[in-house]
Each structure stands twice: as structure tokens, then as C-alpha cells.
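> For reference, the chains in residue letters:
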Amino acid sequence: MAILVNKNTRVLVQGITGREGSFHTKLMLEYGTKIVAGVTPGKGGLDVHGVPVYDSVLEALDEQGSIDASIVFVPARFASEAVYEALENGIKLVVVITEGIPLYDELLLIRYAKSLDVRIIGPNTPGIIVPGEAKIGIMPAHVFKPGRVGIVSRSGTLTYEISREISKKGYGASTVVGIGGDPIVGLDFIEIYQLFSTDPYTDAVVLIGEIGGDMEERFAKYYVSLNRKKPVIAYIAGKTAPPGKRMGHAGAIISMGIGDYASKKKALEDAGIPVADKPSEIPLLLSKILKR
Amino acid sequence: MKLFEYEAKNIAKAYGIRVPRGEVAKTPTEAREIAGRIGRGVVLKAQILVGGRGLAGAVKFAEKPSDAYEVANRLLGSKIRGEEVKMILVEERICVAKEHYLSLTVDRSARTLVYLVSSLGGVEVEDLVKKHPDKLLKLSVDPLTGYKHYYSRVAGEFLGVARGGGGNLDHIMATMYKIMRDYDAELVEFNPLALECGGGLIALDAKIVIDDNSLYRHPELREKSTRELAIYEQKARELGFSYIELDGNIGVIANGAGLTMATMDTILLYGGKPANFLDIGGGASRDRVKDAVKLLLSHPNVKVLLINIFGGITRCDEVAWGIAEALEEAHISKPIVVRMLGTNEEEGRKILLEKGLKVYNEIDDAVAKAVELAEV
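For the protein sequence lines, the chains are G and D, in the order given.
For the first sequence, the numbering used here begins at 1 and goes up steadily by one.
For the second sequence, the numbering used here begins at 1001 and goes up steadily by one.
It should be emphasised that the hints constitute simulated quantities derived from the structure, not laboratory data.
Owing to the predicted nature of the structure, the values given are computational and were not obtained by experimental measurement.
Hints may be right or wrong, so weigh each one.
Under the rule of at most 20 Å between Cα atoms (straight-line distance), these lysine to aspartate or glutamate pairs were calculated in the EDC-like manner [claimed, not checked]:
| no. | chain 1 | residue 1 | chain 2 | residue 2 |
| --- | --- | --- | --- | --- |
| 1 | G | K245 | D | D1364 |
| 2 | G | K34 | G | E20 |
| 3 | D | K1303 | D | D1364 |
| 4 | G | K239 | G | D214 |
| 5 | G | K169 | D | E1083 |
| 6 | G | K245 | D | D1170 |
| 7 | D | K1131 | G | D260 |
| 8 | D | K1224 | D | E1083 |
| 9 | D | K1369 | G | D277 |
| 10 | G | K169 | D | D1364 |
| 11 | D | K1098 | D | D1212 |
| 12 | G | K145 | G | D199 |
| 13 | G | K239 | D | E1245 |
| 14 | G | K278 | D | E1099 |
| 15 | G | K278 | G | D260 |
| 16 | D | K1138 | D | E1084 |
| 17 | G | K239 | D | E1126 |
| 18 | D | K1273 | G | D277 |
| 19 | D | K1130 | G | E217 |
| 20 | G | K245 | D | D1317 |
| 21 | D | K1131 | G | D117 |
| 22 | G | K245 | D | D1184 |
| 23 | D | K1369 | G | E281 |
| 24 | G | K245 | D | E1245 |
| 25 | D | K1224 | D | D1212 |
| 26 | D | K1334 | D | E1375 |
| 27 | G | K266 | G | E217 |
| 28 | D | K1135 | D | D1184 |
| 29 | G | K245 | D | E1083 |
Construct the complete structure from the given sequences, taking the supplied hints into account.
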């Protein structure tokens, strides 16, 4: 069991006929994800690895019945249109893989999604994986093992690295959520932690942050205010990042005096959250609070 | 992408916000002529993109046109915080009664836009946020509904300009919102926004930062987007890499922004210093890897090259071929440390072994080796 998705989640792939969309549809199917339909405007009637393709989300719903979640591979210029189509058709969880969506479009999209009670994961995310059950994302499946650690991250490959370290030492993950590397994302650390905190299959949470913004600081403040809490361990990337430079991710930039490594580390440690100095230290910190 | 002050002021002026009269000079003679046309005391401001210009000596005053010539002569061609001064904005001097801070930016946590307002004009926003949070007013704007006029009443009361002199505050705030939208900006800042001796608000400095993801909607700005970059940053940008120059001697190539930063940080932890941030992105082909390796091998500051790949979409055999081909073509012998895991790692390992390169499994081991080699 897990948060957000499970093996029964019925998934739509938007942008299914593109190079990335088609490739990852295959991998997700192999992992056991229940992909019921794909949408690419103008490509209705095709079939991608056995998944029927429709011209619109409405048509996919008419033909396939209920859809719980959508994963979006649509290029940046058209991605927000695709997300609007999903959320206005009542899909309650949208995972936006696309990188490079204009900031203002993201603002509007995420404000609107919140008003409709739709959960957006991303944009610019590797997605969500429930090891052994379902994968709605692009991560390499083999590094994840089932277990009782919840992982929430602003990064992609770094999440794979840390998940591998965790698996190597005999731990596993209940759910792994990439929240996205953009300045504006749908669900943040607090919102994902809240889901983990009520999930009976999660004993501890690993939080993977990076420089830029104040999401880690706000999480620390929130965590301190809780009476009952699950243990959290953190890693923050970007100790060596200079201010004013965008470190790959659109959101990874120290600007206007906000978002540096020292401030995040201090806020988390003051909240009683140990911060690992390097990825390989995370299992060590986990071993202090968890049984294998 | 950051605009130069004069560009931001031209935009503000075109939208009806008052800015000082002025022109850009590229030579001391031009500075003298502009000062002559203005006909009174002038301010000369170096047009560079680094912050904190006042303290760095990039802003000077001149009473007469001949003084303006002298000041321009000293400023042009000099380096301020590492950036060469190529242009100077020569402006009329304004009689100032009071200075304020006003900006519009993005509030990541609330997923809204936000006005930042302060009576401490001329103070860098970094200091306002950290040292004077009590003197800083934040006004959230929901992007779904846009600007509302009451914001300016609240801001005006906070600044003490509600009546009289601050009559154009509402126009300025509404216009900032319009500029933000029209230009896909992530920051529009007037600091200081001054109350003139004769009344009325005027933007003495202006800063506009455009969202990089939106540049495709602004082709006229896109051409300018590489101008603030150092030579290797420009080369890397042309090759399509995300690249940042740093001051160490261990070149870093990795896939994914988070992993690249984590690699740099681990280098620091082991006592070394990274020379750069280079993210080859997801699913890099052998040609891309080759370009990245050749770029860093040719960099004079790079003593050792550390490559850290966690293969997901990226295939280790492609990476290995890219490294091998770069070594053949580059003819530069610098030590290379490779750590590679994930998709097709066995094939990748074999390819590199044939070239005499050992492949590490763990970041820590690879970093320790790179740091050791960089110290020799």
C-alpha cells in the first residue's frame, strides 16, 4: 500500500505517441501499471503497445470509463493545454513530466487545479513509483525496492541514487514522489508529508531537497508545529552552488537572499531533522531510527 | 534572463512610468555629449548585470560635461565584480525627498505573484528579507484574478505616501503587473522608487528578469540571452548543456541537476573543489557526451575530470563510447575518473576498460580518487 497511486489506479497517458510517451508507456506497462488509454490530438485510432489512442480526453473517458490519473509527456508549449483538458474532464491526479513550461502558465494552472481539488505532481518531475505495484513516471524501476520508507524529492537522478543506497542497505520504499524541479509545483513537501503521515505503510520519510526557494524551510517550520510526527531524514543538494545561477532545474537558484544551502540545513536541523552530508549517509541515518 | 538597467527603464518609460532623462554612452565623448544635452548635474551608471553596483563603485556623479567625460573614461573598460563595463547610462540627477523599495515577483510557496514594498529604498532586497523583515510588506496577487487597485492604498499607507505625493503609486503598481505579464517576467523591481522633491514618484533604478522558460514567446529577447555568460558557459550553451562555471579544478559531468550538484557537494566534502556544473541531461547520445568531455578537457582550470552517470534513460554504453571517442579526438591527457551505474552498465564498463579506464561503482570512491588526483 502506498500514497497517491496503487496497482489498481487507472492511468491515461497524454502525449502517448511521442518518442518519450511511447517509450515510457512500454516500461510502465511492463512494471504492471494499469494504463487504460492514451491521448494525442489527431492520432486517435492508433494503438501504442496495445494501449488505445484517442483524440481527446473526453473520448478516452467515453470509451474506457473512469480514469484516476493522467501522466503528461506533451512538449512544453502545449503541456498546459493538456493539463487543463485532464483536469476539466474530472481527472483528479495529473503527473506532469514535461520540463520547460513557462512560469506564468504554471502559476495559473496550479492555482486553477487547487480550486478544482485536483492534485498536480510536477511539472518537471520523474513521477511517482510504488515499488512492486505501479509506476507513473520515468524512473529506472530496478533501483527501487518495496519497503516502509516514504521518499519525496525535488530531483530525478539524485532520487535514483539515494533510492539505490537505501535498497542496498536492505530498506525499501512505500512510495517515491518526485515533486518537480520547477519554482512552482503542484504539491510540495508539506502536502506529500501529510499523505505519508497518515499512511500506515510508511514509517519514516526521506526528503530530498535542493537550493532555491524556501520549501525546505517551510517544511521545517511546519514539522516543528506537529504534535505527532513520523521521523524525517533530509538531504539537500547544492552546497557548492553560487548565488544567482540557475543550477539546471528552473527552481534551483538562490535569488533575492532566499534559497541557500546553509539556511535550509539549519532550518531542518533546528526542527530535529538530521541532514545527511552525502547520499551514502542516508541509510546510516535511517538505521538509527528504523529496523530493517 | 536579466535585462540591463537601461533596457528595463526603456520598457518602464514606454509603459508610462516616470524615469530620469538619460541615454547610453559607449565612449567618454558620448558621455560628455549626453551630459551637455541634459544641461545639469548627471549620474553615470555602469551597465552591468551583477548586483550591488552602488557599493562596487559603478555609480558616479558629475557636475559638468567635462567631468562626465573623465568619469566615463575611468569606468569604461574597467572590471567591476568581474564584469567588464562596456556601456554607461548617463542620466539627469533627481532631487529626492524620500526613497522606497517596490517590486513584483513570484511567491513560490503561495503559488501567487507578490508585491514587496518597503520604506527602505536603495537597500538590496537580500538585506530587506534577512535584516528588516518588519519593514517589508508583502501583498499577494492571485494570478487567476489579477491586479486590484486597493493594493496601492495598502502599500501607500505602509509607505506613508497615501495622500499627496504618492498619487501615481496605483498607476505604477498596475503597470508593473502589466509588464510582468507582457514580458513573462519573474521580477520587476524599482529600487529606489523615489519621491521627488517636487512630488510624484520616479523610478531611479529598474530591474526586469525574464523567465527563461518563456523566452520562446519573446524572440526579440532570446537573442540577448547568452550575453551575460563567460566563454565556456557560452560554448556549453551552444552545445545545449546546462553549465555553470566555478572556481575549483575538478571538472564535473553528471546526468540530472540534482545528481550533478550532489557530486559537486561530495567533492567539497572530500576536500576538493569543483570547476563547474555540467548536466548532460537525460538520454544523452555518445556525441553529446563526447562534446561535454572535450569541452571540459580543453578548459584550462580543469585538472581532473570526474564523470558521474546514473543511467536511467541515459545508457552507460553510449556514455562510454562518448568518453572513448573524446579521448581519441582531444589529444589532451588529463586524468579522468568515471563512476557509472544503471542501464547497460556492463557494456559501458567493458568499453572503458579496453581504453584503460577503471569504472567506479560508488560516488564516494570516485570522488575520493578525483580529489586525490587533483591534489598531486
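> Can you confirm whether the C-alpha distance between K1273(D) and D277(G) stays at or below 20 Å?
Given pair K1273(D), D277(G) holds - Cα atoms ~16 Å apart, limit 20 Å.
> Are the Cα atoms of K145(G) and D199(G) separated by 20 Å or less?
18 Å, holds
> Given the hint that K1130(D) pairs with E217(G), does the C-alpha gap stay at or below 20 Å?
OK: K1130(D) and E217(G) at ~14 Å, within 20 Å.
> Holds or violated: K34(G) with E20(G), Cα cutoff 20 Å?
18 Å, holds
> Tell me if the straight-line CA distance from K239(G) to E1126(D) falls inside 20 Å.
19 Å, holds
> Given the hinted pair K245(G) and D1170(D), is their Cα-Cα distance within 20 Å?
Roughly 33 Å separates the two Cα atoms, so the pair is violated.
> When you check the alpha-carbon spacing of K266(G) and E217(G), does it fall within 20 Å?
Cα-Cα ~9 Å, so holds.
> Measure nothing beyond the straight line between the CA atoms of K245(G) and D1184(D); if it is 20 Å or shorter, mark the hint as holding.
19 Å, holds
> Take the C-alpha atoms of K245(G) and D1364(D), compute the straight-line distance between them, and say whether it is at most 20 Å.
The given pair, whose Cα atoms are some 26 Å apart, is violated under the 20 Å limit.
> Run the distance test for K1224(D) versus D1212(D): straight-line Cα separation, threshold 20 Å.
Measuring from Cα to Cα gives roughly 11 Å; hence the hint holds.
> Given the hinted pair K1135(D) and D1184(D), is their Cα-Cα distance within 20 Å?
Distance ~28 Å between K1135(D) and D1184(D) Cα, so the pair is violated.
> Regarding the pair K278(G) and E1099(D), is the alpha-carbon distance no greater than 20 Å?
With Cα atoms ~46 Å apart, K278(G) and E1099(D) exceed 20 Å; violated.
Violated hints for the displayed structure, listed by number in ascending order: 1, 5, 6, 11, 14, 16, 20, 21 and 28.
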